[in-house]
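Colleague: Chains as they are written, first to last, in numbering that gives the first Met the number 0: chain U, 0 to 195; chain B, 0 to 100; chain D, 0 to 586.
Be aware that a few hints might be false.
Claimed, not checked - Restraint-style ranges between C-beta atoms, simulated for each label pair:
1) Gly144/U / Pro157/D: 54 to 62 Å
2) Asp11/U / Pro38/B: 45 to 53 Å
3) Leu140/U / Ile361/D: 40 to 48 Å
4) Lys68/B / Lys531/D: 35 to 43 Å
5) Ser157/U / Pro554/D: 33 to 41 Å
6) Phe154/D / Val106/U: 16 to 24 Å
7) Ser157/U / Ile65/B: 41 to 49 Å
8) Val106/U / Thr17/B: 52 to 60 Å
9) Tyr97/B / Thr86/D: 35 to 43 Å
10) Tyr168/D / Val14/B: 46 to 54 Å
11) Ile361/D / Val14/B: 19 to 27 Å
12) Pro413/D / Phe63/U: 38 to 46 Å
As the list claims (entries may be wrong) - Listed below are the simulated BS3-like cross-link pairs for lysine-lysine, each with C-alpha atoms no more than 25 Å apart in a straight line:
13) Lys578/D / Lys458/D
14) Lys451/D / Lys312/D
15) Lys578/D / Lys451/D
16) Lys69/B / Lys210/D
17) Lys68/B / Lys210/D
18) Lys458/D / Lys312/D
The set of hints was computed from the structure by calculation and includes no laboratory data.
In this text, a Cβ means the ideal position worked out from N, Cα and C, and glycines have one as well.
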Amino acid sequence: MDIPYTVEVRRDTGLTNGKIGIWLFLASEVMLFGALFASYILIRTGAPSWPRGDTILNVPLATFNTLVLISSSVTMVMAWASLMRHRFGTFRIYMGATILLGFVFLVVKYFEYSHKFENGLYPSTNNFLAIYFTLTGLHMLHVFGGMMVNAYFLGPGSKLWKTNPEWFTNRVEHSGLFWHFVDLVWIFLFPTLYLL
Amino acid sequence: MTSDHAADIDRHVRVYITVFGALMALTIITVVVSRFHLPVPIAVSVALLVATIKGSLVACYFMHLISEKKLIYAVLMLTAVFFVALLALPAVTVHNGYWIH
Amino acid sequence: MTEPAAVAAPKPHIAHEVPHEALGFWRKYVFSTDHKVIGIQYAITGLLFLLFGFSLMMLMRWQLAYPGAALPLLGRLLGEARMPGGTMLPEFYNELGAMHGTIMVFLGVVPLAVGGFGNFVVPLQIGAQDMAFPRLNMASYWSFFLGGVTMLASFLVPGGAAQGGWTSYTPLSVLAGTGQTMWLIGMIFLITSSLLGAINFITTIIQLRAKGLTFLRFPFFVWTQFVTAFLLLLAFPPLEAAAVMQLMDRVAGTSFFLPSGLVVSGQVVAVAGGGNPLLWQHLFWFLAHPEVYVLILPGMGIVAEIIANNTRKPLWGYRSMVYSLVFLGFMSFIVWAHHMFMTGMGTAMAAFFQTTTMIISIPSVVILTALIISLWGGSIRFNTPMLFAVAFLPMFGIGGLTGLPLGLNVADIPLHDTYYVIAHFHYVVAPGTIFALFAGIYYWFPKATGRKMNETLGKIHFFGSLVCMNVVFMPMFLMGLAGVSRRLFDGGASYAFAQPVLHLNVVSSWGAWTLAIFQIPFIFNFFWSIWKGEQTDGNPWQATTIEWAAPSPPPHGNFPVAPEAYRGPYEYSVPGAAKDFLPQYEA
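The following block holds chain U by itself, in its conformation from the complex (with noise of 0.2 Å):
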């Protein structure tokens, strides 16, 4: 039993099955963030005082990880467009990359919370600190599992290169609109919880 447009688009949507089941994935994600968001607009503007990011947060090191992130998308979509081109080995140096830099942004957030842990600042501390974790917490949970995706692609998963190489295409484009949103998120994140 073969299920049709799974590499072939459909001619009246002109879309795969797994491009529709991604985009709609990501439609719920933002409703996800977007409670979050709602959650942390309700209580800041109840608040008698809010402090504002800089005072708490490591900003030089946050805008770090934003061009990290940043700099991950571009990596991430260049691997795309390697395989749209047939460039098989450029395709995994960028995907490398992308896995590579996902990582980097792992490490610094590590660095980030444990220098907050070690100055007695924890979630439980105020609601600034309470929707910090929170928030920035699900966001590398999201990082992570995008991270397990590419690696997987990258590994064990690229024998679909040589089977069906449009397929695969179409898959690792798929993880890169998750990996993009991912971006996205933290692109709001970033100035919401640490410059204002």
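Once you've looked at the hints, dock chains B and D against the given chain U.
Modeller: For chains B and D alone, coordinates are given in the frame of chain U:
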């Protein structure tokens, strides 16, 4: 996407590099502006504006939304409406009320 | 260049799938990716949870009818921790209440209506071989299963299962025992299952429909599952976020939902404070209102199919029904705070939510009216599915109409959190949705098994259930109007104003226990018919929709030849036609 030719990809790659540059620049700008410690409403507006521009660049060019199909746009428009409702209505409702914590 | 066929010509894919015949028992029947197997798994599991949730309620009804009395036999079996000397502790009553609601909604009705009927019927009705993402479908089911196991296991932890209502309002739920943490974890599994399922349904319906099957030729059931999937996709994530935040409050000591200055049993709660209990309510109801439409829409879809089939007429007002359905789905996202009228919101926002709530009643009425008008002039066959489907109409009517005073913020003041609310929503879900689900079981049983269920037993099940449902729930409107609050462990016995209506508790309880008796013919019929039911061909109801083109039961892949749709879904009694129905799939 599977019908793109090599020349198309080259054009796309040039766009990616341009967008990358813009994103880096906008990141620096938003951090620099934050150092001025503008009044909160203005600071929020500027920060959100810059973030929206950056986010739009990522969505339109890295995620290829600028050339996506109508169905995807429809799903995202619908999501956007509910996203705005979720962000706005709880806070507005609580502030319209009598118990504020 | 001719249009490509709906089913792709065999492509040189790698053999990523073993031919079905070669799969072992576990891959074929347990870890299957076939939508029919998964649908049956969901249905059986859902039915078992419905039975369990029903049993929890039957226990509650003993306490409500005879507060403080020892329950004979069973009372001793439940242990001293919950029923010392056979009498129910208030904590146990609260456990039963919270878990009855949670289990019926999230482990019973939705898995059966969406996971069961949706999975089994939708691919067949659109002429597809399976869902778009078969492995994701399997992951969906097992995530639901894990959520169910977590919820059941929560009864066994110290302190017992969740006790703060299915709504888990804060700060009470933050301060509760371990069972609440398991409730939250269970919900995360269940929400994940629903999200994966929703992605599958939407993609499948759009992409895998047969050639010629345009959206306005869909059976109404497909439309209801399509809209339901969007509700699940976009409304569930905020509750997932809220569950994470409540877990943070419980486990990491945050104060998302804990206000400053909270004092419990004379002790100040040692947290940072500054949180807002209303934040939980907003996030919870953002999901839970669309959730009630998730509960009703598949049922409406089932009723529509059965009415068209058993009146031998097209549905009246199909297009208005479809537009109303889509409008209803959209509106369902912006009415939620009508559950929060008593939280001190100002008049402006109360007016906003009251207005959207009144507006949303319109599409509901359009759909119900169209279904009623569809009966007019029909050649009605009163078989068991039709009896349940027709009964759905007035039962849902009562449920829907009694919702109106609740949606008006001033009328809600005396009714909020009373038995009136319980009666309202149970009318919609119990003799509403559950009747529709029974109808669907009797209707599609022949497709799944190749045999019909017994009609006599079905009629006993129907008439008994119809009478008992009304005996259980109608008195509750009176109790609510008299002012009796819900979630009272003594059913109102300690309140002077409740004395004149207390006897109604006894009426409801005996109604519930009798209702249980009338489910026995159904359970027996269900299993007996699998082996001994009257054998049928592919289309025992002479129906028009595409699922009836497949053999009964359908093989892996469903259709020997990819079907095509040539006309609308309800071409019954077409003037000049040779027989009284023209199947959608016949050229």
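Colleague: With reference to the structure, classify each hint as holding or not holding.
Modeller: Comparing the hints with the structure gives:
1. Against the hinted window of 54 to 62 Å, the Cβ-Cβ separation of Gly144/U and Pro157/D comes to about 33 Å, which falls outside the hint.
2. Between Asp11/U and Pro38/B the beta carbon distance is about 52 Å. The supplied range of 45 to 53 Å therefore holds.
3. The hinted range of 40 to 48 Å is satisfied by Leu140/U and Ile361/D, whose Cβ atoms lie roughly 42 Å apart.
4. For the pair Lys68/B and Lys531/D, the supplied restraint of 35 to 43 Å is violated, since their beta-carbon distance comes to about 52 Å.
5. The hint said 33 to 41 Å for the Cβ distance between Ser157/U and Pro554/D, and at roughly 35 Å that hint holds.
6. Checked against the given bound of 16 to 24 Å, the beta carbons of Phe154/D and Val106/U, roughly 43 Å apart, lie outside it.
7. For the hinted restraint 41 to 49 Å between Ser157/U and Ile65/B, the CB-CB distance of approximately 29 Å leaves it violated.
8. At about 29 Å, the beta-carbon gap between Val106/U and Thr17/B misses the expected band of 52 to 60 Å.
9. Under the hint 35 to 43 Å, the C-beta atoms of Tyr97/B and Thr86/D, about 41 Å apart, fit the expected range.
10. Taking the beta carbon of each, Tyr168/D and Val14/B are about 50 Å apart, inside 46 to 54 Å as hinted.
11. Under the hint 19 to 27 Å, the C-beta atoms of Ile361/D and Val14/B, about 47 Å apart, miss the expected range.
12. About 59 Å separates the C-beta atoms of Pro413/D and Phe63/U, a value inconsistent with the hinted range of 38 to 46 Å.
13. Taken as a hint, the Lys578/D and Lys458/D pair is broken in the structure, with Cα atoms around 28 Å apart against an allowance of 25 Å.
14. Between Lys451/D and Lys312/D the CA atoms are separated by roughly 23 Å; this keeps the pair inside 25 Å, and the hint holds.
15. Proximity of Lys578/D to Lys451/D is assessed by CA-CA distance (about 23 Å); at most 25 Å being required, the pair is judged to hold.
16. This hinted pair checks out: Lys69/B and Lys210/D have alpha carbons roughly 21 Å apart, not beyond 25 Å.
17. A distance of roughly 21 Å separates the Cα atoms of Lys68/B and Lys210/D; the hinted pair therefore holds under the 25 Å criterion.
18. Between Lys458/D and Lys312/D the CA atoms are separated by roughly 24 Å; this keeps the pair inside 25 Å, and the hint holds.
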